[in-house]
Amino acid sequence: MIVNYSSSSSEDETENTSKDDSSPLRKRGKLDTENSSISEPLDHGSVKRKAVKSAHSAPRLPLPDSVKEMFRESEEQWIDKSEAHGGRLRSFQHERGNWATCVFCPYDPEEAFLELLNEMMALAATHGIPLTLSEEFHLSLSKTVVLRHHWIQPFIQSIRTGLTQFQKFFCLADKLKVYSNAEKTRTFLGMEISTGKTQLLELIKIVDETMTEFNLSTFYKDPSFHISLAWCVGDHVERLKKTCLSEMQVGAQTQICTTN
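Residue numbers (the UniProt record's numbering): 1 to 260.
Everything labelled a hint here was simulated from the structure, so no lab data went into it. These numbers come from a predicted model, not from an experiment.
Cross-link-like lysine-lysine pairs, in silico, DSSO-like; alpha carbons within 30 Å at most: (1) 143 - 177; (2) 184 - 242; (3) 184 - 221; (4) 168 - 143; (5) 241 - 221; (6) 205 - 177; (7) 242 - 221; (8) 177 - 221; (9) 205 - 184; (10) 175 - 197; (11) 197 - 143.
Construct the complete structure from the given sequences, taking the supplied hints into account.
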């Protein structure tokens, strides 16, 4: 038993003790039930129940989104839906934290060029080839590679450092050509570069140095520099070549001569 004595004097204690307890030892040993507090033995089960009840009654703080994201990778599995992006299929499996990356030179076409592309697409459609206009136009300087998120900034800095001293140059694209991806799941109509190949090869060397630094795939050994104009799902390379590529080339050449 744990006893807490009050701060009252010994006289007060004597007054509150029984008259029959005449022994001084008995008086000191007696407890003042009015002024003293007595702690009962701890009931650990009761304490736990009270703590649990208190925890349930208190409002819970919301879990931060940053913490939730830490465990989503193990709970969720990415499902690639090709219909969400025109029927295109991924060349490699999506993994959370990985970023598909490509180094390229952007091209901003004029309105007349876009009108020509619409005419080409209409011509291909008459032969049963449903071309889709590219969302943006560019000249690739690397293959599509996968970067981890923490590589992105060092990768960009490496490319910038390599290109710092590179001089501007002129490129000309004037010949239509048909391409397909390695898996033969997509066909592309592109405009091949005829002027500026030497400088582009020098650019590729610089980009490849960064790719090697990060242990990534370098560019093709004998590249065909081009700007992709339109695409379709499936392997339609031979059909495009046989049915309408020549007619498309005539229209493109006319547009180039008019522009120049």
